[in-house]
Amino acid sequence: MPAMWHSTFILVMVLLAISRPSLASQARTEESQGTGNATEHTITTLPIVIWKWEEIHFPYLVALWVLVSWLCKLVFQQNPCLTSVIPESGLLICIGWVLGGIIYGADKVQTFRLQPFTFFFYLLPQIVLDAGYSMPNKLFFGNLGAILVYAVIGTCWNAATLGLALWGCWLGGAMGDIDTGLLQLLLFGSLIAAVDPVAVIAVFEEVHVNEVLYILVFGESLLNDGVTVVLFNVFNAFVSLGGAQIDAVEIIKGIISFFVVAVGGSLVGVVFALLITLLTRCTKNIQIIEPGFIFVLGYLSYLTAEMLSLSAILSCTFCGVCCQKYINANMDERSVSTVRYTMKVFANGSETIIFVFLGISAIDPSIWVWNTAFILLTLLFIFVFRFIGVFLLTWILNQYRLVPLDFIDQVVMGYGGLRGAVAYGLVLLLDENTYKEKKLMVSTTFIVVYFTVMLQGITMKPLVTWLKVKRAAVAERTLAEKLQNRTFDHMLVAIEDISGQIGDNYMRDKWNNFEEKWLYWLLMTPFARKSCDPIFNIFHKLNIKDATSYVKEGERRGSLAFVRNESKADVDFNKKFDADFSEMMPYIMTENMGPDHVPVSSIFVPSVCLDMHEQDLKMRESEDFDAHHVLQQHLYKGRKQHRHRYSQKHLEVSKDEHEVQEIFQRTMRSRLESFKSAKMGVAPPKISKHLKKDQPQKMPNGKSTENSKSHAYGDEDVEFSEGDSASGCEAAGSSFPMRAYRGAGIVNPAFMVDSSTVAPSQRAQLRLPWTPSNLRRLAPLRLSTHSNDSFLLADSPATQEGISEPPPPPPPQDGQGRGTHK
Amino acid sequence: MGSTNSTLSKIPNVEELVQETGFTPAHIVRLYDRFEALDKEKTGHLRPQDFGAINRLAINPIGDRIIGAFFSPGQETVDFHSFVRILAHFRPADKKRPKDPSMPEPVNSRTSKLKFAFQLYDQDKDGKISRAELLQVLRSMLEMQVTEEQLESIADRTIQEADLDTDDAISFEEFRKSLEKVNIDHKMSIRFLR
Numbered sequence: 001m002p003a004m005w006h007s008t009f010i011l012v013m014v015l016l017a018i019s020r021p022s023l024a025s026q027a028r029t030e031e032s033q034g035t036g037n038a039t040e041h042t043i044t045t046l047p048i049v050i051w052k053w054e055e056i057h058f059p060y061l062v063a064l065w066v067l068v069s070w071l072c073k074l075v076f077q078q079n080p081c082l083t084s085v086i087p088e089s090g091l092l093i094c095i096g097w098v099l100g101g102i103i104y105g106a107d108k109v110q111t112f113r114l115q116p117f118t119f120f121f122y123l124l125p126q127i128v129l130d131a132g133y134s135m136p137n138k139l140f141f142g143n144l145g146a147i148l149v150y151a152v153i154g155t156c157w158n159a160a161t162l163g164l165a166l167w168g169c170w171l172g173g174a175m176g177d178i179d180t181g182l183l184q185l186l187l188f189g190s191l192i193a194a195v196d197p198v199a200v201i202a203v204f205e206e207v208h209v210n211e212v213l214y215i216l217v218f219g220e221s222l223l224n225d226g227v228t229v230v231l232f233n234v235f236n237a238f239v240s241l242g243g244a245q246i247d248a249v250e251i252i253k254g255i256i257s258f259f260v261v262a263v264g265g266s267l268v269g270v271v272f273a274l275l276i277t278l279l280t281r282c283t284k285n286i287q288i289i290e291p292g293f294i295f296v297l298g299y300l301s302y303l304t305a306e307m308l309s310l311s312a313i314l315s316c317t318f319c320g321v322c323c324q325k326y327i328n329a330n331m332d333e334r335s336v337s338t339v340r341y342t343m344k345v346f347a348n349g350s351e352t353i354i355f356v357f358l359g360i361s362a363i364d365p366s367i368w369v370w371n372t373a374f375i376l377l378t379l380l381f382i383f384v385f386r387f388i389g390v391f392l393l394t395w396i397l398n399q400y401r402l403v404p405l406d407f408i409d410q411v412v413m414g415y416g417g418l419r420g421a422v423a424y425g426l427v428l429l430l431d432e433n434t435y436k437e438k439k440l441m442v443s444t445t446f447i448v449v450y451f452t453v454m455l456q457g458i459t460m461k462p463l464v465t466w467l468k469v470k471r472a473a474v475a476e477r478t479l480a481e482k483l484q485n486r487t488f489d490h491m492l493v494a495i496e497d498i499s500g501q502i503g504d505n506y507m508r509d510k511w512n513n514f515e516e517k518w519l520y521w522l523l524m525t526p527f528a529r530k531s532c533d534p535i536f537n538i539f540h541k542l543n544i545k546d547a548t549s550y551v552k553e554g555e556r557r558g559s560l561a562f563v564r565n566e567s568k569a570d571v572d573f574n575k576k577f578d579a580d581f582s583e584m585m586p587y588i589m590t591e592n593m594g595p596d597h598v599p600v601s602s603i604f605v606p607s608v609c610l611d612m613h614e615q616d617l618k619m620r621e622s623e624d625f626d627a628h629h630v631l632q633q634h635l636y637k638g639r640k641q642h643r644h645r646y647s648q649k650h651l652e653v654s655k656d657e658h659e660v661q662e663i664f665q666r667t668m669r670s671r672l673e674s675f676k677s678a679k680m681g682v683a684p685p686k687i688s689k690h691l692k693k694d695q696p697q698k699m700p701n702g703k704s705t706e707n708s709k710s711h712a713y714g715d716e717d718v719e720f721s722e723g724d725s726a727s728g729c730e731a732a733g734s735s736f737p738m739r740a741y742r743g744a745g746i747v748n749p750a751f752m753v754d755s756s757t758v759a760p761s762q763r764a765q766l767r768l769p770w771t772p773s774n775l776r777r778l779a780p781l782r783l784s785t786h787s788n789d790s791f792l793l794a795d796s797p798a799t800q801e802g803i804s805e806p807p808p809p810p811p812p813q814d815g816q817g818r819g820t821h822k
Numbered sequence: 001m002g003s004t005n006s007t008l009s010k011i012p013n014v015e016e017l018v019q020e021t022g023f024t025p026a027h028i029v030r031l032y033d034r035f036e037a038l039d040k041e042k043t044g045h046l047r048p049q050d051f052g053a054i055n056r057l058a059i060n061p062i063g064d065r066i067i068g069a070f071f072s073p074g075q076e077t078v079d080f081h082s083f084v085r086i087l088a089h090f091r092p093a094d095k096k097r098p099k100d101p102s103m104p105e106p107v108n109s110r111t112s113k114l115k116f117a118f119q120l121y122d123q124d125k126d127g128k129i130s131r132a133e134l135l136q137v138l139r140s141m142l143e144m145q146v147t148e149e150q151l152e153s154i155a156d157r158t159i160q161e162a163d164l165d166t167d168d169a170i171s172f173e174e175f176r177k178s179l180e181k182v183n184i185d186h187k188m189s190i191r192f193l194r
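Chains as they are written, first to last, in full-length UniProt numbering: chain A, 1 to 822; chain B, 1 to 194.
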């Protein structure tokens, strides 16, 4: 009930809002006719308040319309079951119809229409910029070949077949008597053939198809602008020239112009991306307007390309695509958030306005010319030729792809060829005198847009669900298959990493090397460079998580003073984490550079894992158990199966990070376990020989070594000396060279430990070399008990013991991640 | 590339490798470069730590198992030949290879790939995947939220579905049978770069 009152109230407000400017504009036109030249009135007395409508009417109307459009969105969001059936864009169009009807009723003429200039210069750029900026780059470039094939060849095919088919029907007389020709029909075909990015975003947003499919349709919708612009201009020029003047030269020029426009547009975008990145490198001191640069330069890239008659959408897209990685690294986190959110606001807002106005503009009898045959044939041909085109092209592409696109995906791709506002904008640009049938084309465009957005939008989700259901029911997989499939995915990822093959793209490999060597140095601030490593980000997040829970615990206890008071900072966190590691906060170091030449920071395994056991408790309560379901839901998704991140409406942190953190924690833990158990299993009573000797060595300079290959750290309990090979461990020489952290000296000059990165916790007391677990051999491991926290350092410089109690008993042999001890 | 030949000459027994694994010399050169990049101390062998230095493996649930698979039982190091041989399992199958019963099974045939996958589970190499081994794998592949009981139920059901001779373990034949519908070639191949 309250929801209904909300909706009605808002509707009334909206009606009032639009009726006022409508009446006012009427009044204005009357007035301007009435007063003629005398716009200034002579005043006889001091007016206290003046009605200033004439001066401000333009910005007022603009603001009011923006408000009204966004209110429309609010109206139907009250009713969630409506939005789940009809896509938002469809609902916006419907509201646009209502509003248009009201205005028309008030004014008898459609005063507000979507003008092409407004659309192309004020509403579209931000959508495209947002699309580029939020584009999942790896996926995009990985499938770029396929995307280009669909965008270029597919669009040309659509345009050509549609134009020719319509021409054939016109010749056959099916359309009656309309004044058009082959070229005009080809032009019409080219502008209506293009898949529209706005519509695709709007509809696919709500239908969660798999990523590859999404990126193919979406990428196609963005990149086909290059083709559309060229075809439009070429055919427009041909129509003006007249049929007789077209010869081979002109056609060749047309083909050349395609390359120039498309490649040129992309280059403009790349240049602007470069500018943005270099700029963000220097804006450390003006962080407050840093985000603004992105928008301004992005918009300029659009305008520059437009000015040079190149493809503006391509320019804007590539600007966003190319700069996102670097500016996200360069800018402060708050600036990055600001940019993201603001882009979403603009993009979403624009999209809303576009669809509302698409609805409003239609309510205008003066623009409608109805020709049943033309319209119906257009609809039919669009549909049919789209499917044929997709199937043909996919069949060709599948010969070359490692993972072919299956039939269902092709159907969805064909069905997802939505047309939208771009077609509408283009058709309005046509000159009425040259194109006698402009009104017919406009009407047809409207019908096509409505059909695709609304009908196809509504039926898309059911179609996808239906197809998938049908497919899944045919072959119910066994548990073993499911598990094994996922294992295979992980296996492949691992083998790719080991063998250094990144995906199956030679170019990508080369590009990564180039990028690391040159671009990082040129485009990113030094700080940003080292945080590029994804693993580092994981550590960073884990550290932050740990730190926050640390603080929470401190607050719970009253203050953080507890940190200083305890001799061993052994707080209750331990209980939540595996008891084995109660005191160990290992800093696991690797070398400066992993084999992949990426600077690697230290790894900080957090000791507090608050989420694990609580969830255990919850799970135990549920009784109904379905093995298939559980397996499906809870298997880790491999790197190849990331959920697609591009969403216009949601900015959540993807669940992948959580998953990755879990896996990482577990791997580290199991490595520690096996190290520990090896340690335990071998020689518990062996007392460190080097304990006292090593510590002072470690303090000043982490680089000091006893032998060329390893650093020896003292351990109170156990140490594997050089000759120790109790369990077949290799000699010390094979342990990782260890770098002391912070207080003991920093080895890697490239990685400067800023306080904002990995904060050494007070409980960091051990350092372990990073060794894989579950191996039959363990490298000798050396532990350091030297805490490098500033508090402890200040208090007791010679604190040798980190493990003040005897090490906990070896973890029970529960088969967790241990296959080494037989 | 001019360096190809010089690198090729550094590798012993290249022809044998090419024959055995089906990689082209260009592939082998690339893998050799990778091997050398991993082998920081230039000993000519890889040890577990060298694999461990690959960061991304730490965020792979079965990363450590895969590393273990490179090392044959009793060996602490991997030389280049073994490295390549293991990787050869992941080559896409040669479609045009004639079935020649006298020749040994090629490394990247369906059976060899399945054997490799089987060995990942079967850590103690007794030819069967026992319940405990299956539990281990499941634990590592499932999110933390899943409780022990659920894990055990899943393991039990999986064995139930696959185990034909009711010995409460999955033998290689049963394993192979349970995966007969899966396109192993697709799922276990990567395109090696030249």
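There may be inaccurate statements among the hints.
Simulated crosslink set (EDC-like; lysine to aspartate or glutamate; CA at most 20 Å straight-line) [said to hold, decoys possible]: (1) K482/A / E36/B; (2) K187/B / D406/A; (3) K461/A / E211/A; (4) K177/B / E481/A; (5) K181/B / E481/A; (6) K181/B / E211/A; (7) K187/B / E481/A.
Hint data in this document are derived by calculation from the structure and do not stem from the laboratory.
Here's how the hints hold up against the structure:
1. K482/A / E36/B: This hinted pair is violated, its Cα atoms lying about 36 Å apart.
2. K187/B / D406/A: This hinted pair holds, its Cα atoms lying about 15 Å apart.
3. K461/A / E211/A: holds, 16 Å
4. K177/B / E481/A: holds, 10 Å
5. K181/B / E481/A: Holds, at about 9 Å.
6. K181/B / E211/A: Measuring from Cα to Cα gives roughly 25 Å; hence the hint is violated.
7. K187/B / E481/A: Holds. K187/B to E481/A sits at ~12 Å (cutoff 20 Å).
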